[in-house]
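Colleague: Take the given structure of chain Y and dock chain V to it, following the hints.
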Amino acid sequence: MARDIVIGMAGSGGDGIVSAGESLISAVAGEGFHALMTKSFGPQIRGGESSCRVRVSTEPVFSSGGSLDFAVALNWEDFLKFGSELKCGGSTVVVYEAKTGVEPDKIPLPGVLPAQVFAVPLSDLTKQAAGTDKAKNSLVLGLLSSWLGLARGSLVKGIERRYSKKGDDVVQGNLKAFEAGFAWATEHPLTKPMTMEAPTGTPTPKLLADGNDITAAAALFAGCQFFGGYPITPSSEVMQLLSREIWKYGGAVLQAEDEIAGVGTAVGASFAGKKAMTATSGPGMDLKTEILGLASIAELPLVVLNVQRGGPSTGIPTKSEQSDLFQACFSAHGDVLRPVLAPTSVADSFSVTVEAFNIAEKYQTPVIILSDQEIAQRKETLDPIDTSKFVVEDRKKPTEAELEKYVRFAMTDDFVSPISHPGMKGGAYLGAGIEHAESGAPSASGAVHARMNEKRFKKLEPLKSQTGLVSVEGDPAAELALISWGSVAGVCREVMAHARAEGLRLKLLVPTLLYPVPEAAYHAFFTGVRAGLVVEQSHQGQLYRLLRMFLDVPKGVASFTRSGANPIQPADVLARLKELTFHLQSRVEDARRSDTP
Amino acid sequence: MTAAPPLGPNVFKSELKPIWCPGCGDYGVVQAIYRALSSIGRPPHEIAFISGIGCSSRIPGYTTAYGFNSVHGRALPIAQGVKLANPDLLVLVAGGDGDGFSIGGGHVAHAIRRNMDLTYIVMDNQVYGLTKGQLSPTSPRGLKTVTSAYGSLEAPINPLLQVLSAGAGFVAQGTPADMPGLAAVIEEAIRYPGFAFVNVQSPCVTYGEDDQQLRAHKARMKSLKSLSHDPKDYLKALELSTHYGLELYTGVFYRNPSPPPTYEAQIKARQAELAEKALPRERILDLFKKE
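Sequence order for the protein chains is Y and V.
Counting with my numbering, you get residues 1 to 597 for the letters of the first sequence.
Counting with my numbering, you get residues 1 to 291 for the letters of the second sequence.
Next comes chain Y alone, as it looks inside the complex:
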């Protein structure tokens, strides 16, 4: 019996391998399994190689997992292009198109056991069953459903739904292909059966969404009334969802002529008193930077989503990386402090987005949500989220008395000034990118500049100690520690589970608030830590370096990095941790020896 299965499939664009993955995750979500699906494509817009990984589990999952349990290759050339994204090992069951002519003991995957390899005449079987080989992907679903004992009824219903628009012939063809696959697998059982157990607890149907979907929905929940943006991979789905939904709530989406206009319109909407947002990826952030500075000095609430991809420049637009942290924190001229938050999963994108709007409104500041392609575009099952536990904040408005003699940038106890908006009688002021006195009047005085800089920094001071923005997990007394953020934090959460199972004492810190650095939380966490890793998917290790800039990081805490588009898997981190433990123990022993007189 199996409880946690990772299936990886690859083919060329027209093979429908990604749509097979979507059918599969949809079916298992309906049956209450926890599941997660990532897609990966070559650079081509249509055609070219495409792949997906679907992880199905009886327990909650936080990452797309390690080596594949099932690998499906419609052709070898495309499959191999994905390299470590579709890693196979000794326990991987490999299914491939027999027509490729490769003998089962000669497949180009070193380490796979021949007994686990199935050369299936995918095209021929599909043609026999359906009259065309276009339904190959449904045949693959039939194979998997039979071998895994998984979701047969839901998959059949899913096929009916998915192809209903294409006519009855297509539906019937796909159903026949599915049954043919199912029958073939039943006749060719696995050497080691892998039937999935039922999900634990009472299986409840899950929500199914990707991070971009959830971010957009959370924006609506938080009261976002305006979105201005420009299409860019991998964040466009946020604008797409909002452009379907936001009108229903009296809001508007504007697809701007460029990235600058996108953020410009959002700043305008915020100036006019509405909650506003823009979304982009790295290159777009580069372009938006000047207007982010404007929002900071004009003290306007604004939420900016950056879904990170491989960089610099165009980099790898379709694949995940965590290399925009420095940009998020520091890309601006002048002294600027701009909160940066990162979600760690699809579900977490909801609370992080609501929090971003709350921080933006409360502190009258732009807030950057630093998501990544992995979270933004992976489909994940979610348990229903209880939205009643979320507070939605609005900006501090001036009272009638304050409007009698309104001072827009008035120094207050908390350095946050009540903010008016056009239409509000008595509240007129000059908003500006130019330095200004409390009244809003432009000023080139050094004294005014120093005072306003102080205001803009001090108002954000409480954020660093706000609860709920840093998560600490595991054994509080552990000397071995992990720090991670974004999608890679999910990998580290799975490392924690493995470590527990192996009796390794370990703790994990995951910051939702990346910047300003919540120093106190880190200092408390570092107490007693003798070794550890800051795990992130970038070449430089930007969080590690950021922490060293602001904190006394214990000497034994090292950087664990891997460039984007190279997945970090729990086993990789665990292996490094074990090395660290080994060195730690030998150091302890060395110390003991040198203590001996």
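It is worth saying that the hints were derived from the structure and are not from the lab.
There may be inaccurate statements among the hints.
Covered stretches of chain Y (chain V as the covering partner; in silico rule of three or more C-beta atoms under 8 Å from a C-beta of chain V) [unchecked claim]:
| hint | segment |
| --- | --- |
| 1 | 199 to 210 |
| 2 | 372 to 386 |
| 3 | 433 to 442 |
Under 10 Å between C-beta atoms, here's a sample of chain V residues computed to sit facing chain Y [unchecked claim]:
| hint | residue |
| --- | --- |
| 4 | Thr-64 |
| 5 | Ala-79 |
| 6 | Val-91 |
| 7 | Pro-259 |
| 8 | Tyr-263 |
| 9 | Glu-276 |
Capping the alpha-carbon separation at 16 Å, the derived lysine to aspartate or glutamate pairs in EDC-like fashion look like this [unchecked claim]:
| hint | chain 1 | residue 1 | chain 2 | residue 2 |
| --- | --- | --- | --- | --- |
| 10 | Y | Lys-459 | Y | Glu-494 |
| 11 | Y | Lys-39 | Y | Asp-105 |
| 12 | Y | Lys-425 | V | Glu-46 |
| 13 | V | Lys-232 | V | Glu-188 |
| 14 | V | Lys-289 | Y | Glu-435 |
| 15 | V | Lys-289 | Y | Glu-22 |
| 16 | Y | Lys-455 | Y | Glu-435 |
| 17 | Y | Lys-396 | Y | Asp-383 |
| 18 | Y | Lys-248 | V | Glu-209 |
| 19 | V | Lys-144 | V | Asp-210 |
| 20 | V | Lys-268 | V | Glu-154 |
| 21 | Y | Lys-39 | Y | Asp-78 |
| 22 | Y | Lys-459 | Y | Glu-502 |
| 23 | V | Lys-225 | V | Glu-247 |
| 24 | V | Lys-144 | V | Glu-154 |
| 25 | V | Lys-236 | V | Glu-247 |
| 26 | Y | Lys-405 | V | Glu-15 |
| 27 | V | Lys-222 | V | Glu-247 |
| 28 | Y | Lys-425 | Y | Glu-400 |
| 29 | Y | Lys-425 | V | Asp-88 |
| 30 | Y | Lys-127 | Y | Glu-179 |
| 31 | Y | Lys-248 | V | Asp-286 |
| 32 | Y | Lys-464 | Y | Glu-519 |
| 33 | Y | Lys-389 | V | Glu-46 |
| 34 | Y | Lys-248 | V | Glu-273 |
| 35 | Y | Lys-176 | Y | Asp-124 |
| 36 | Y | Lys-248 | V | Glu-276 |
| 37 | V | Lys-289 | Y | Asp-383 |
| 38 | Y | Lys-176 | Y | Glu-160 |
| 39 | Y | Lys-578 | Y | Glu-519 |
Here the structure is a predicted model, which means the values were calculated and not measured.
From the three backbone atoms N, C-alpha and C, an ideal C-beta is built for every residue, glycine too.
Modeller: Then chain V, alone, in the frame of chain Y:
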């Protein structure tokens, strides 16, 4: 019942003292704006006045409206966000020729094709004044400036032709040399229900050429009315606009006789049509329910 007191031009004048050089054309522009706003009669707090960067972009601060002196070239995007967030506001946009036709040039055509009810006033002085006398996108070919020591090698942009050809529904030109005329075209631009553009030949006394000064304007300017131009005549307007730089025409080049619906009116209609389909906010995640 007594009528509300009329809003005189001074109601729109703020306490800030302009930074402009004595004799700058922009003094005339702001006066014309006070007069136009007074005729329109909307109170200052219902007006949002957005600008970019440059001498002329200081102008919102000299009014009592809500002002936003933003960043170089981005007044139009910001103004569009303001308008969509609150379509009931009267939204004015202002800037110089550099702001509108150089660094922010990419935004103009898009603002026009969206056709929001905005009034865009460009103070065109053919030179960069704030940065002390460099070449501008409307500088004439051959102009010697601190960045074109041997004369400009580029043809100037023609703002009137560009805006007309992009489809603006209202296009006019004025000069502070004719204050009543300038106030009148600004007022008419505000009243036009859609994107309206006013090019103001606003002399730079410090870096401008002699033939661009008010005295020269007075001698050269020709009202389009005196030429019997019919502002409904789009093709004639295009033709007249090609004389930019040679002739100083004042008045309305083009006013679309049947203005198309504004962007914000279409949005209001869409919002009204879809409102009943909204999930309650607290149930927004039902969007992702699997049956």
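Colleague: Against this structure, judge whether each hint is valid.
Modeller: Outcome of the hint check:
no., hint, verdict
1, 199 to 210, "holds (count 5)"
2, 372 to 386, "holds (count 3)"
3, 433 to 442, "holds (count 4)"
4, Thr-64, "holds (6 Å)"
5, Ala-79, "holds (6 Å)"
6, Val-91, "holds (9 Å)"
7, Pro-259, "violated (21 Å)"
8, Tyr-263, "holds (9 Å)"
9, Glu-276, "holds (8 Å)"
10, Y/Lys-459 to Y/Glu-494, "violated (37 Å)"
11, Y/Lys-39 to Y/Asp-105, "violated (28 Å)"
12, Y/Lys-425 to V/Glu-46, "holds (8 Å)"
13, V/Lys-232 to V/Glu-188, "holds (14 Å)"
14, V/Lys-289 to Y/Glu-435, "violated (49 Å)"
15, V/Lys-289 to Y/Glu-22, "holds (15 Å)"
16, Y/Lys-455 to Y/Glu-435, "holds (12 Å)"
17, Y/Lys-396 to Y/Asp-383, "violated (34 Å)"
18, Y/Lys-248 to V/Glu-209, "violated (55 Å)"
19, V/Lys-144 to V/Asp-210, "holds (13 Å)"
20, V/Lys-268 to V/Glu-154, "violated (44 Å)"
21, Y/Lys-39 to Y/Asp-78, "holds (14 Å)"
22, Y/Lys-459 to Y/Glu-502, "violated (45 Å)"
23, V/Lys-225 to V/Glu-247, "holds (14 Å)"
24, V/Lys-144 to V/Glu-154, "holds (12 Å)"
25, V/Lys-236 to V/Glu-247, "holds (15 Å)"
26, Y/Lys-405 to V/Glu-15, "holds (14 Å)"
27, V/Lys-222 to V/Glu-247, "holds (8 Å)"
28, Y/Lys-425 to Y/Glu-400, "holds (9 Å)"
29, Y/Lys-425 to V/Asp-88, "holds (14 Å)"
30, Y/Lys-127 to Y/Glu-179, "holds (13 Å)"
31, Y/Lys-248 to V/Asp-286, "holds (15 Å)"
32, Y/Lys-464 to Y/Glu-519, "holds (7 Å)"
33, Y/Lys-389 to V/Glu-46, "violated (37 Å)"
34, Y/Lys-248 to V/Glu-273, "holds (8 Å)"
35, Y/Lys-176 to Y/Asp-124, "holds (13 Å)"
36, Y/Lys-248 to V/Glu-276, "holds (7 Å)"
37, V/Lys-289 to Y/Asp-383, "holds (10 Å)"
38, Y/Lys-176 to Y/Glu-160, "holds (11 Å)"
39, Y/Lys-578 to Y/Glu-519, "violated (28 Å)"
Of the numbered hints given earlier, the model fails hints 7, 10, 11, 14, 17, 18, 20, 22, 33, 39; all others are met.
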